[in-house]
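Asker: Sequence:
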Amino acid sequence: MKGVRCTVPREGAVFDSIPGSVKSLTVGLVWLGFALSLFLGSIPGIAGVARAEQGAPRTFGYEMFDRHGAIMLLIDPESGAIRDANRAAAEFYGYPRALLRTMTIQDINASSPEEVRQEREAAARQDRNYFVFVHRLADGRVRTVEVTSWPIEFGDATVLFSIIQDVTDKIMLAAAMERRTKLFLWSLGLGICVLLGIIAVLVHVLKRRKQAVLALNAQARFLHTIINSLSYPFYVINAETYAIELANRAALPDGMPPEGLTCHRLTHMSDHPCSGSEHQCPMLIVKQTGKPTIVEHAHRDHKGVKRIVDVHAYPIFNEAGKVVQVIEYSLDVTDRRKIEEDLQRANGRLEEAMGQAKRMAMAAQAANVAKSQFLANMSHEIRTPMNGVIGMTGLLMDSNLTEEQRGYAEIIRTSGESLLSLINDILDFSKIEADKLDFQEVDFDLRAVVEDTFQVLGHKAHEKGLELVLRIDAETPTLLRGDPGRLRQILLNLCGNAIKFTADGEVVTEVALERTTEDGVLIRFAVRDTGIGIPEEKLAEIFAPFHQADASVSRNFGGTGLGLTISKRLVEMMGGSLGVESTEGQGSTFWFTAALGRQDREDGAAQPSLFGDMRDVRALIVDDNTTNRLVFWEQLSRWGLRCDEAEGAEDALSALRQAHAGGDPFRVALLDMQMPKMDGASLGMAIKADPDLRDTVLIMLTSLGAYAEAQRMAEIGFAAYLHKPVRQSQLFDCLQTVLTGPESGRPLQPARLTDPEPVGMAMEADRRRRARILLAEDNPVNQMVAVKILERLGYKPDVVANGREAVESLESRGYDLVLMDVQMPVMDGLEAAREIRRRETEAGAVNTGTPIIALTAHAMQGDRERCLQAGMNDYLSKPLQPVDLLQMLRKWLKRDNDETSGRASTPVPDTAPPGVDSDDPGASEDFGAAQADRSASVPVFDRANLMERIGDDEQVARQLAALLLTDVPRHLDELETALGDKNSATVREIAHTIKGVALNTGCLALGGLAKEVEDAAARGDLGRPGELMPDLWRGFDRLREVLREEFGETA
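Residue numbers are given in the numbering used here: position 805 of the sequence shown equals residue 807, and the series is strictly consecutive.
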């Protein structure tokens, strides 16, 4: 048979697990079919398949192919197409024969196309005839099949005649049989091994058992020896029978054997279990609880001595967890109990001694507190006359004294202040020791407090020729809450020490935000000096009470050594810390932090800002001190000015000339007075003498501490004269003034100041001295404040106490301007203004059209109308602000002798005074009391508020305080009387007076209460004022305490 070739099938690697018997059976069947085909002529007949498909008669061979029970396929070796499939194939795969003939072998073979192609080619080449594949059926199942394939002639082509045998079940059966066979063989081998092992183990066990018995006997002898060696009784009790199963010699008296003994017989010499002491039987306790226990027994030994024994009992459990045995042993603790009793008695004596020591310590502490209270009382009693001495010495120095007398008075004043400072330190230290130091919690302006402190220290620094510099970082919030008085006290101490221990150079204080906390902020203060410094080994000691770095310090500089101790305690009480960094001979830096709260108000309102096109304003800062230049540069740059700096006069002149030549001249120059080679005054003369530079606006910065130079500076051509250290708001006001005045050459429109302070300038001094101003004010306190502000601005006013006197003064003497209080006795301001305007029309009037400026605490829309109708020209809100008053005077005073007075008759402008919004029809809030209403917790006394108005004049402040403490109680008595009479008009008038006096002097809390009374009375409500009277008296009492703390008993 040509083309027919058979080879012995090879087992594939994938089908190694198929038993050889299955493979042989398959091959045999194939060969049997093949032989029958040869015999019956089926192979040639297969070629008739194609003809049969075309309708030709089917041969016997094809019938065998078709009906044969084996699965047969005819496959194209090239494409893999199924040329024909018998019925068995169609039934096996689940496809119709017609569909099978349209499919390829790849459609039913799960192998990859490449693998099927390679196997098909191998069969065609007769390299291999036997294959194992996984075929897919029509229902999605997969079956493992054996394929025997060889090429045959099929018509004109050669096809692969493939016989498929499903061996899935056979494989599984063979695998199962093989597993069972292996398992049987393994089990048989294992059994034999186990049996042999058991035999070996038995032999070994028997050998070891003999050894174990010997070891166990040895161990028993060992344990028996140990138990018998114990000096205390030890025995094991059967929990059921109470029998002693094991006992040592100590447990068996007189060598009694343990056999037949029970625990009760052994311990109580009784035949009955637990006789007489069942509740204390340790064996029963362990048996019932299953836990170890210790029971104490007391008995007498054979000598009759009482002994105390601790019986220890431990359970032994069986497999079921039941107590079957109890181990007991007894320890004689008689001696230990005696030691414990002795120790307890010793502890009692020790506790008694400690109690005595504690009582002595409390007595010592009470004595210390009494000492501190005594020191506090004595310091207070001494301070009262000292305030009088210092105050009267100040008045004495203001009088006409000879140089010798002035020297004596200066020594008295200096000595008194030194003694007062010492007493204050002792008083504070005593308060700290006695735990009597109180802290306020009020709103305050950090910048104002620090700058106010520097104003106090400025004189001392300038006396020593030191630069006193303050630098507050721009990111530092200023509207804070805490105790400004204690903060000022710490700064005064640290800065005062820096000035004291610095011979030349500078003292610089820097304030910055350390970090933001949940409750507020932590502010860091650093005071740096160029003084003597502190040795490193002394740094740890300087904060101790009554201690200074060296004994020579006390001799050379004085002091008690208490200042740093007090400051440290204050800082700690403010939630911060205080430290120092120092190098001997080079200076020191004392720093501290303070935890402060933040106010509800926005902080941005405290930062002045200039409106207008300030980008074209160039400023030159001339100062030989680098730190001063830096501070001024930062401040001016924040306000929008373009700044340059010069270290001396030569550099300044060169910069000014270069700027002029470049077409971008400096508009304003700030000149320091004290500079080497050429001072500020000489530099100013050189600038004004240069035709190209004379238009530069000059501002003098001086540390000399005297305003007598103001006239000379004005003659040179300076537009302003500022005393260092310069407040930020003071510098701002000065720039606002010089850049908007007639000398500026280009007016700008500045914003209203949110925190105005005295400008402190002495410009146009002659014109101001010539101006005649009449002040009509009935209240002495308000009189003094207004007069002091006017004097600081260069004016000398006349004062009258009511409207009638104002009318008479104007009729007898001409005035350039009248400041008229609206509410006065005899004749109020409105009536006086009407009378003045009526008389001005009469032929005998000395002056006509005199500007009348109303002074009122009612900055409301209706008040403007009443002022206009009465003939007034403008008005100012109380409390008076120096900058507002200065702007008003410049607005209405005549600027030269040729100017007519026609402007005086101009109606009141429809603009509100500073602080009132004229565009808001609802702007009826009293501006003068606005400060008192901003927060529910305002300070009792705002020192900075007062000192701004009176130019930091301590003597005037003391006089105002004394007047205030005299007048307010009288007004409060009158207020109570008016309330008793149910006279709401009088109540309102008196409350208005109290409010004006209080707010004018910085007594904001009292002013706020008075305003509330006034508002209620205006509504006809007298119930609320009656409720507020106790608060008014308490507020006044607190104010009196604060004022006496500030100004002493002379207040």
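One thing to keep in mind: the hints can contain errors.
[Claimed, not checked] In the DSS-like style, the derived pairs of lysine-lysine whose C-alpha atoms are separated by at most 25 Å in a straight line are:
#1 K293 to K324
#2 K308 to K340
#3 K502 to K462
#4 K790 to K893
#5 K373 to K324
Simulated from the structure, these hints should not be mistaken for laboratory data.
Asker: Among all the numbered hints in the text so far, which are the ones the structure does not match?
Answerer: 5
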